[in-house]
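Please put together the full structure from these sequences, using the hints given.
Chain order of the listed sequences is A and B. My numbering numbers the first residue of the first sequence as 1 and each following residue consecutively. My numbering numbers the first residue of the second sequence as 1001 and each following residue consecutively.
If you're looking for bench data, these hints aren't it; they were derived computationally from the structure. Check each hint, because a few of them may be wrong.
What the hints assert, rightly or not - Computed from the model, here is a short list of chain B residues facing chain A with C-beta under 10 Å:
(1) Pro1019
(2) Gln1032
(3) Cys1083
(4) Ser1106
(5) Glu1109
(6) Ile1110
(7) Asn1118
(8) Pro1171
(9) Ala1204
(10) Val1211
(11) Thr1214
(12) Ala1217
(13) Leu1219
Virtual Cβ for every residue (Gly too), placed ideally from N, Cα, C.
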Amino acid sequence: MKLDSRNYSDGFREYTASHPTSPSFALIAMAGRTLYRKLVDSHTVVALDTDNVLLYADLHLMNEYTSPQAFAGLAEHGRAVPAPGQQLAVVDHIIPTHAEAPRVIRDPASALQARNLKRNCEAHGIPLFDTNDPLQGIEHVIAPEHGMIRPGMVVLCGDSHTTTYGAFGALGFGIGTSEVEHVLATQTLVYRVARDMRIRVDGELPGGTMSKDLILHIIARIGAQGARGYAVEFTGTAIRALSMEARMTLCNMTVEAGARGALIAPDETSIGYVLARAPDIDADRARAAWAALKSDDDAGFEAELAFDAAAVAPYVTWGTSPDQAIPVGARVPAPAEAADAIAQAAAERALGYIGLAAGMPLEGLPVQRVFIGSCTNGRIEDLRAVAAVVRGRKVAPGVRAMVVPGSGAVRAQAEAEGIAALLTGAGFEWRKPGCSMCLAMNDDVLAPGERCASTTNRNFEGRQGRAGRTHLMSPAMAAAAAVTGCITDVRRLEIEHV
Amino acid sequence: MSDITHALAPIEGTGAPLPLPNLDTDQIMPKQFLRGIDKAGLDKGLLYDMRFDEHGAPRADFVLNQAAYRNTRVLVAGPNFGCGSSREHAVWGLQQYGIQAVIAPSFGEIFYSNAMNNRLLLVMLPQADVDRLMAVASDAAAPATLRIDLATMTVGIAGRDDFSAGFTLSPRHLDMFRRGLDIIGLSLTHADAIAAFARRHHAASPWLRDVAATTMARLATRKDEEPINV
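Below is the structure:
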């Protein structure tokens, strides 16, 4: 395929296929296959038409708020769940995170959702991490940490951040409630096959940056719909160097560029992680199968991008879309610099909502709240990064800083490592696991006008609370904001540690 | 299953402009309306923070609150409409409010599938066509009546013969609109093929079988003091 390339000064190269909107399946079939196509092919029960296949789901995760109407639909039609052992349910979105035991859901509607999920799981024999299970947590944290996400899988969930599982070389993506019902009833999905994009990242991430900064850098460059319609495979030396937690952060947020999937081919990092957590796997046999899970050398991609990891800095969002992100040292861009009139109007509205003006520096901007957690950044490595910044420091006066571990296991691990004691001693709230203020469905909500340094994935208007102002950033950057009381380049603090 | 005549009837009604790009499903249906176990009452939550102020009073300056837009049936929206969260509540809320179609240059992927599964018509048009429709819909004195015809696959403006934009749907989605298919029922006609696929799949990769049940059984037998490898 003929590719035209454009070069940018910050190490970004963009390739555009000559006919990106008219994929030639004949051509692609003759060439090698991408990892994405291999995963689709190996899960295709039947091709339904030129665009759609009936795709088999190895694992289907469910939560309490996008599944109730699906179970109701099953009941209405008298349909069964043929593979209950391939479903997993968890109460995570509405659950309060107060450090009380046992946990009580006081909001009556939310309590009903939790009871309803339990009832549905019992009726169909579906495994459930219930409210007071010691291992309860966010679906995208608990499934991988117990070895349930395995290379070569197709994983579906009524939650957009299911792209997380690309970290394992598994195809994961979010579905709606009608599709949840379809998966429950058939263990398959009517699936529109996506196009292939490859994003290559070479080089080394600079000190003080994390994979969160890398993905914000990428989204800022390609835009909130830059990967819309694509399954994105990440390759390159910088990707290979990432830990599993860092890969999960990267793949998790790829959906914020509109992607329908994210993938990293399995390697010793991911295979070792899985085998250490899944004693039921015949390791030799699995390794032999997983060795084929990579794109063929002659596989064609309809879009290819390349980034230089060395060009990444700590990133912070300034607006209300994840692509409105800049390096922490940069100034808020002027709407007039936006690509077109629509983006310009959006930037103006975003600045009004977030309470900033063009040309202002982000550094030094006071925050009232800090939120550390979520399926993006609620894993043990994230909490270790927070602890490294906080050690020897205190939460700044006037700042309310919450840490919500991604799961009961993460929480216990952080307690065993002394992270919990360090953080509570520094003035952080150490809370129970859940989705919490990432989307504020429970009672962890920003007050109007409050500004929050957040390790989450969406800075949408109202996401963390009506009129709340969210700045997305890495766990290390959020920790720096907590101890200084304002948005701060964490690299300034790290100098003191060296 | 709805009757075919109804499904083919053109959608005709006031078009309301929502030009913002990336209007996400969090804004279309905010969190506080997601606590139900059924689909009821979501019309109240539609675009809540845009429609109502912090005291719950309608914002007079928001388009859908203006008298001329009382009978809005079509939204003319910016690019990437419905991005973000997978919540199907956004689609249910639009329909319960009375929206029958959304016209935009592009849509969030999960939202698109959700809309098709509920027969909320999404019309993807080139930006120039959307700009034209946005302009006529934005005339608050006399907002345009838009007409979307699934028989001819065109969007028109009532009283203006100089505009007609053709659009496409995949054959599958068009069939879903025209015939109101029971998708699960159709997929269940492949039940034998699915079962045969699963047998082959699990024979080749036994570690993919019943992973949730197997793992939960293992976790249930662990001693509390055993550390979990996170």
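Quick rundown of the hints versus the structure:
About 7 Å separates the beta-carbon of proline 1019(B) from the nearest beta-carbon of chain A, less than 10 Å, and the hint is met. For glutamine 1032(B), the shortest C-beta to C-beta distance to chain A is roughly 8 Å, which falls under 10 Å, so the interface hint holds. Given the 10 Å rule on beta carbons, the hint for cysteine 1083(B) holds: about 6 Å separates it from the nearest Cβ of chain A. About 6 Å separates the beta-carbon of serine 1106(B) from the nearest beta-carbon of chain A, less than 10 Å, and the hint is met.
Of the supplied interface hints, the one on glutamate 1109(B) holds, with its beta-carbon coming within about 5 Å of a beta-carbon of chain A, less than 10 Å. Satisfaction of the interface hint for isoleucine 1110(B) is found here, the shortest Cβ-Cβ separation to chain A being roughly 5 Å, below the 10 Å cut-off. Hint on asparagine 1118(B) holds. Least Cβ distance to chain A is approximately 7 Å, under the 10 Å limit. Contact between proline 1171(B) and chain A, as hinted, is supported at the beta carbon level, the nearest pair being about 6 Å apart and thus within 10 Å.
Nearest Cβ of chain A to the Cβ of alanine 1204(B): about 8 Å, under the 10 Å cut. The hint holds. With 10 Å as the threshold, the beta carbon of valine 1211(B) comes within range of chain A, its nearest partner Cβ sitting at about 5 Å, so the hint holds. About 6 Å separates the beta-carbon of threonine 1214(B) from the nearest beta-carbon of chain A, less than 10 Å, and the hint is met. Interface hint at alanine 1217(B): satisfied, since its Cβ lies 9 Å from the closest Cβ of chain A, which is below the 10 Å cut-off.
A cut of 10 Å between beta carbons decides the hint on leucine 1219(B): the least distance to chain A is about 6 Å, and the hint holds.
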